[in-house]
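Enquirer: Take a look at the letters that make up each chain.
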Amino acid sequence: MTRHYSAALPIAYVLLRILILINWLAGVAILALLVLTPNEQWILSAFKIAPSADASRLVMGLRAVAVLGLCTIPINYLILKRLLAMVETVRAGDPFVAANASRLQTIAWALLALQLFGLVIALIGNAVSTPAHPVDLHTSFSVNGWLAVLLTFVLARVFAEGAQMRDELEGTV
Amino acid sequence: MAIAVKLDDLLHDRRMTLTELAERVGITIVNLSILKTGKARAIRFSTLEAICAALACQPGDILEFLPGPAGAES
Numbered sequence: 000m001t002r003h004y005s006a007a008l009p010i011a012y013v014l015l016r017i018l019i020l021i022n023w024l025a026g027v028a029i030l031a032l033l034v035l036t037p038n039e040q041w042i043l044s045a046f047k048i049a050p051s052a053d054a055s056r057l058v059m060g061l062r063a064v065a066v067l068g069l070c071t072i073p074i075n076y077l078i079l080k081r082l083l084a085m086v087e088t089v090r091a092g093d094p095f096v097a098a099n100a101s102r103l104q105t106i107a108w109a110l111l112a113l114q115l116f117g118l119v120i121a122l123i124g125n126a127v128s129t130p131a132h133p134v135d136l137h138t139s140f141s142v143n144g145w146l147a148v149l150l151t152f153v154l155a156r157v158f159a160e161g162a163q164m165r166d167e168l169e170g171t172v
Numbered sequence: 000m001a002i003a004v005k006l007d008d009l010l011h012d013r014r015m016t017l018t019e020l021a022e023r024v025g026i027t028i029v030n031l032s033i034l035k036t037g038k039a040r041a042i043r044f045s046t047l048e049a050i051c052a053a054l055a056c057q058p059g060d061i062l063e064f065l066p067g068p069a070g071a072e073s
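Line by line, the protein sequences give chains A and B.
Here the first sequence is numbered in numbering that gives the first Met the number 0, starting from 0 and rising by one per residue.
Here the second sequence is numbered in numbering that gives the first Met the number 0, starting from 0 and rising by one per residue.
Worth flagging that the hints you see were computed from the coordinates, not collected in a lab.
These numbers come from a predicted model, not from an experiment.
Hints should not be assumed to be uniformly reliable.
[Claimed, not checked] Incomplete in silico selection of chain B near chain A, CB under 10 Å:
id, residue
1, L10
2, H11
3, I26
4, L31
5, L34
6, K38
7, A39
8, R40
9, A41
10, I42
11, R43
12, T46
For each residue, glycine too, the CB sits at the ideal point set by N, CA and C.
Please build the complete structure, drawing on both the sequences and the hints.
Expert: Below you can see the structure in the form of structure tokens.
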């Protein structure tokens, strides 16, 4: 068990650091896409789409999705940064602290926000999709995502109780 | 605190040091010191039993209830 932990923790630590970097890179890429795509005509010709009312709506929808995607970058960072801090407390041998309960609570709210962003993006995708220009944003409803939100809220509560119990035990002689 | 720990008086009566008691009871001197200074939040029956055995006394000789406002801290 101890050996299992000793391997998992450094991997998690490195992986989270890499994910933080990838998240920022994704943010820069989305921002570049939004700022550097010169105009609607350019986008339409890049996708070889004939100008029409539907095509304009499609471009507007894709821009809205990009803006929403950009909004998720700080949320992802918030989750990853807190997970990293939690991993550090496990490495230090003191994970059952009130700070971790609060971190999990924040992560749960952030996951909920990401789920809602996903819903809005799916709605935009459906709204701008036409038989001529089908849009598939791969944002089908996932029970797993919502379960993860619920699980994280429950875990945050478990951690809060655990931290309180440990606190009480510390004063027991 | 409403519960007073009279370990100091007992140790004085028995001519015993905290270190000696810690060795006999089998708990660290730090924990025993926490108990002695009234900073402990709870005491295990096993600890109480070991202290009673080491000092040849009753739990009532170690702990004393001081009437006062509920939950009042000294």
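Enquirer: Decide, hint by hint, whether the structure agrees.
Expert: Right, here's what the structure says about each hint:
Annotation: L10/B was flagged as interfacial toward chain A, and the flag is violated, the nearest CB pair being 15 Å apart, outside 10 Å. The interface hint given for H11/B is violated, since its Cβ lies 20 Å from the closest Cβ of chain A, which is over the 10 Å cut-off. For the restraint placing I26/B at the interface with chain A, the shortest Cβ-Cβ distance is roughly 7 Å, inside the 10 Å limit, so the hint holds. Against a cut-off of 10 Å between C-beta atoms, the interface hint on L31/B holds, since the closest Cβ of chain A lies about 7 Å away.
Look at L34/B: its Cβ gets to within about 5 Å of chain A, closer than 10 Å, so that hint holds up. Of the supplied interface hints, the one on K38/B holds, with its beta-carbon coming within about 8 Å of a beta-carbon of chain A, less than 10 Å. Nearest Cβ of chain A to the Cβ of A39/B: about 4 Å, under the 10 Å cut. The hint holds. Hint status for R40/B: holds, given a least beta-carbon distance of 3 Å to chain A, under 10 Å.
Satisfaction of the interface hint for A41/B is found here, the shortest Cβ-Cβ separation to chain A being roughly 4 Å, below the 10 Å cut-off. Interface restraint check for I42/B: the shortest CB-CB distance to chain A comes to about 5 Å, inside 10 Å, so the restraint holds. Using the Cβ-Cβ criterion of 10 Å, the hint placing R43/B at the interface with chain A is satisfied: the shortest such distance is roughly 6 Å. Nearest Cβ of chain A to the Cβ of T46/B: about 6 Å, under the 10 Å cut. The hint holds.
Hint compliance for this structure: hints 1 and 2 are not met, and every other hint is.
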